[in-house]
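Novice: In the order they appear, the protein sequences are chains A and B. Just add 27 to the spot in the first sequence (first one is 1) and you have the numbering used here. Just add 27 to the spot in the second sequence (first one is 1) and you have the numbering used here.
In case anyone wonders, no lab produced these hints; they're calculated from the structure. Misleading hints may appear alongside valid ones.
For identical chains, the list gives no copy identity; a pair is met inside one copy or between any two copies.
Claimed, not checked - With a cut-off of at most 25 Å between alpha-carbon atoms, the simulated PhoX-like pairs for lysine-lysine come out as follows:
1. Lys-108 to Lys-129
2. Lys-138 to Lys-108
3. Lys-117 to Lys-138
4. Lys-195 to Lys-34
5. Lys-108 to Lys-221
Source: prediction; values computed, not measured.
Protein chains: 2
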Amino acid sequence: MALFTNKDILEMPGRFRANFCNSLVGYKTLGLVGTQNKDGAENLAIFSQLIHIGANPPLFGILFLPHTVRRDTLENIVETKSYTINHVAKSFYKKAHQSGAKYDRGHSEFKAVGLNSEYLKNHPTPFVQEAQVKIGLNFQSRIDIEANGTILIIGEVQLVETNEEHIKPDGFIDQVANETVLGSGQDAYYTANKLARLSYPQPESNPTELEEF
Amino acid sequence: MALFTNKDILEMPGRFRANFCNSLVGYKTLGLVGTQNKDGAENLAIFSQLIHIGANPPLFGILFLPHTVRRDTLENIVETKSYTINHVAKSFYKKAHQSGAKYDRGHSEFKAVGLNSEYLKNHPTPFVQEAQVKIGLNFQSRIDIEANGTILIIGEVQLVETNEEHIKPDGFIDQVANETVLGSGQDAYYTANKLARLSYPQPESNPTELEEF
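Using the sequences and the hints, build the whole thing.
Specialist: Structure follows, in structure tokens:
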């Protein structure tokens, strides 16, 4: 086992430190975020920091890098108050990764990477047709994180489309059946293997494996 | 495919909605958080909302539920300004889950679930000896999220111990080699399968698979 102090990390070459710290946190939840600008131009970008804020009301967060360069997705969300999160699936993870390229402004990443935009019900921003889990949100609040200028955008879920067969009787969504992909670091992609669902932990007994999995 | 509106979600029975929303976000990054209270009593608890805030300086976040009931970990971090994050590995994920049980105050979860506490260098709070990735942090800031009372605690990494053989030449940490476990919902555990690491996306070309993986 190797030990690294705060000083060791700060003295790492920039690219090495970015890889080290980004993968140190473990696995990350990926989502393709679909937006429109005020002129209706569609935008799609991959994000690796989705956060479950709460279930009642249903709130999700996305962490954005500091707003020092062009951030189309962030600007569109703040401007139009609407966006979508679409889980990256195994069948299109390379296209999802490619959506991170810096295309010219106004150039739709949907077309550039070969994914189809889709509109559901009355939600005003585009979903990814190919996704198995599609979440439409309204902007709820913005938190500027003083520590380093990152920005947490919180939204309330307005619409969900997903495969009904992959929802267990207790409400649990089977992301393995949806072939949902996860990330690590800045560029690594994985699928998941089931270990178990465990019963609610009680001080007096050991957890047992649930049947709904 | 099934559609659920905001109203549908709000009308779900509470336990169903919790399972649905917690698993809807996709996979989650798990960590066992080690703390001490001001009297030196050790505490260990599992958290599923770890967030990579930044690499320079190295900052990680943990999202806590509203502070309406006893939250030993949160109170200890705010009081002592020190804590550890230890990635859950396949060899002890059931013990990690069990650390979520509500033991009597002052009862060490390390002893209750059968994991060993360990102190490294001059870091004042306990690590999980069995973990392959151990991160020592100092409290940096606290953000109260108005939307629903959740609390984001940000810490700066002070010390990392991990298996040197699982760090690639470019700084990327191989969490599959570390047998790091991930979560979904409130009670599901998984390991990861590698798909690929992809080259930095450029508008003119498709990504290629990196060799360091």
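Novice: Return the numbers of the hints above that this structure violates; sort them in rising order.
Specialist: 5
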